[in-house]
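Residues per chain are reported as follows:
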Amino acid sequence: MKIKKCAKKLLLINGTILDPLAGKEYKGDVLVENGKIAAVGKISTKDADVIDCSGLIITHGFCDLHVHFREPGREDKETLETGSRAALAGGFTRVCAMPNTDPPIDSPESVRFIVEKADACPIHIHPIGAATKGQLGKELTEMSGMAEEGSVAFSDDGLPIMDGGVMRRVLEYGGMLDLPIINHAEDVCIRNDGVMNEGRTSTRLGLPGNPVEAEGVMVHRDLELAKLTGAKLHVPHISTAAAVKNVSEMKKQYENISAEVTPHHLFFIDDDLKEFDTNLKVAPPIRSQSDRKKLIKGFKNGTIDCIATDHAPHTIEDKEATFDMAAFGMIGLESCLGATLNVLVEEESLDLMTVIKALTVNPREIMGFETDIFAEKTPAELTIFDPKESWEFSKNDIFSKSCNSPFVGRKLTGRVKYTIVKNQIALI
Amino acid sequence: MSLHHRHLLGLEGYPAEDIQTIIDTAFTFREVLDRPIKKVPSLQGKTIVNLFFENSTRTRISFELAQKRLSADTVNFSASTSSLKKGESFKDTVQNIEAMKIDACVMRHPTPGAPLRLTEYVDAVVINAGDGTHEHPTQAILDMTSLQKKFGYLKGLKVGIIGDISHSRVALSNIYGLITMGAEVTLCGPATLIPPHIEELGVKINYNLDDVIEWADALNVLRIQMERMGISLFPSVREYRSLFGITTERLANHKKEIIIMHPGPMNRGVEIESAVADSDQAIILDQVLNGVASRMAILYLLLGGKAES
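Here the protein sequences line up with chains A and B, keeping their order.
In this text, residue positions in the first sequence follow this note's numbering: the first is 423, and each later residue adds one.
In this text, residue positions in the second sequence follow this note's numbering: the first is 21, and each later residue adds one.
Everything labelled a hint here was simulated from the structure, so no lab data went into it.
Backbone N, C-alpha and C define an ideal beta-carbon position, used for all residues, glycine too.
Among the hints, a few may not be true.
With beta-carbon atoms standing in for the labels, derived distance ranges [stated by the list, open to error]:
no., chain 1, residue 1, chain 2, residue 2, range
1, B, Gly172, A, Glu671, 57 to 67 Å
2, A, Asn614, B, Thr268, 51 to 61 Å
3, B, Asn75, A, Ser812, 47 to 57 Å
4, A, Asp699, B, His24, 52 to 62 Å
5, A, Cys611, B, Ser76, 53 to 63 Å
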């Protein structure tokens, strides 16, 4: 991957412009001048650097609401800088970073630290602040002060807020600020020591199971509390049929609900763990084929709003362990488009527009980011990709500091070629 | 005579003909064990390491004895006396041992799947001596050897497995092996200790021990671990005994012959009454001897015989 400054005038020609905000797809060119959108349509201009986009899609830069960039504390796994490179390789121009760092991002000062560091990075990184101090699920953080410093949402990330009373307060207080609350939806008592989906495969492998009900009951509780308090609730990495059903039901009664799904929950099933591949050890776990099918259905009917990677880098030492000792999580930015298009477009014949909306307009709307990317004078955030290319994901395609990806060796469909953001262009 | 797999990691998907070959070979070695000189030169010059990352007395001794009877050189490694406590990783430990030119590793490890990982790190033949709550294939083979010796057949045999199924590698390997060999299996124990979806492996569940006794030709009684009581998996020894304890009185109510097995170590007076354990119905000590013979058969076939893959 090469990252360079955009030419003063950069002309993208002969591409297919996919405008997910307008819901339109047409042949055309895009002119970027001084890093800003200058014109979209049929363009003839002089003195421009030209990129031929024949056969390629030009669309909004992707936005990921759920990444872990590990800084501060675990810079051996990822930094804001290396995470940004992984994002660029995956076509992401904007990400939201979870607060489960060491120490966690749970004060206005620590939010400012991320914002200041992110300023020097090649993509836009927005911190999500912790909802409770130390992510301990007990005392509220200074959400207002954190919001002023740039926190775009609140979450205790991997640590579910188990106390329903505390969750109510978090929703009330966060609701006052009109920012989304994200709760890792797993009842930890029901999950117990489960390390994979509870089912036939966990029993066969002798591994402790995490039943779908651990997610189902927690999502149900959170939805009820969101309705009670009037807050915005975003349900992360939805993995079960029950959670899809709960979200779908609640969306009929109450509008401030959104949900995300990861590419890996769409792509893999629990049977894939039969060789004890620790790269497939994630939270929530990879579920059964029938849950996977319900996630796809929930995506198709709009119950699920967006795709988020839950990009979770871990060192080789943390993953090259026996299954019980290995860390939870996989990286996902670089493989996101290829995995998602492979499942939703190639296998499920869903239209490209719906999928791209879930990577662009929808997550931006949830967080309140600018959505009119093709408007003149908007700082260019563009992703250019080949929607048809069939390729095998390899370690060479990884730009993260870690390489814990079960997609290595898998066939993917669709590949990012260029990512433009912050007046720079990444050639993937 | 040869087996289809180079390692013995578990009995899930293990071919029936290979299980039969091992059992038949075990019978041959049983005869050797009845001779005044119990040693054969089959594995002379082979080096086997017993890697025990978890405490074990009987399995380790059984393997060691099998190795010595076959004239192999053996090295023992146990986690409590090793450098693992110094923070050395699993990978480093096994690679160090591999570097010493070992022909086979017999491994017990607390984590499911650890033997499969081991095959990626070493060139030696790997034999799983128990991986957490996953499999314990050599125990299941010795149980089947004992059953075949007693009944003369396995196909159609009715076997009840009694007790803590969830935390038992013995149960899972027995299920895989017995189903493959055409036996019928019914599980019986507290609902909290029966894993979900286990019926999908082709077994039945019955919480009524008397029904199971009435149905079965043999019972394999598992050890109940007292520490499970503390985490609310069952309320008390008294209640466990009254629902699932194998007692003379209970057996006497059924006017039939039934064989009792136990993989050991037993909690006498809890899952099994002393009088039952010491009775003629119990083949528990026979299992121990068959354990040595079965492990001799496995080592011989994997290291002496020629493997196809």
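Outcome of the hint check:
1. B:Gly172 to A:Glu671: 57 to 67 Å: Roughly 60 Å apart at Cβ, these two residues keep to the hinted range, so it holds.
2. A:Asn614 to B:Thr268: 51 to 61 Å: Violated: the Cβ-Cβ distance is about 38 Å, outside 51 to 61 Å.
3. B:Asn75 to A:Ser812: 47 to 57 Å: holds, 51 Å
4. A:Asp699 to B:His24: 52 to 62 Å: Since Asp699 of chain A and His24 of chain B have Cβ atoms about 24 Å apart, the given range 52 to 62 Å is violated.
5. A:Cys611 to B:Ser76: 53 to 63 Å: violated, 32 Å
The structure shown violates the earlier hints numbered 2, 4, 5.
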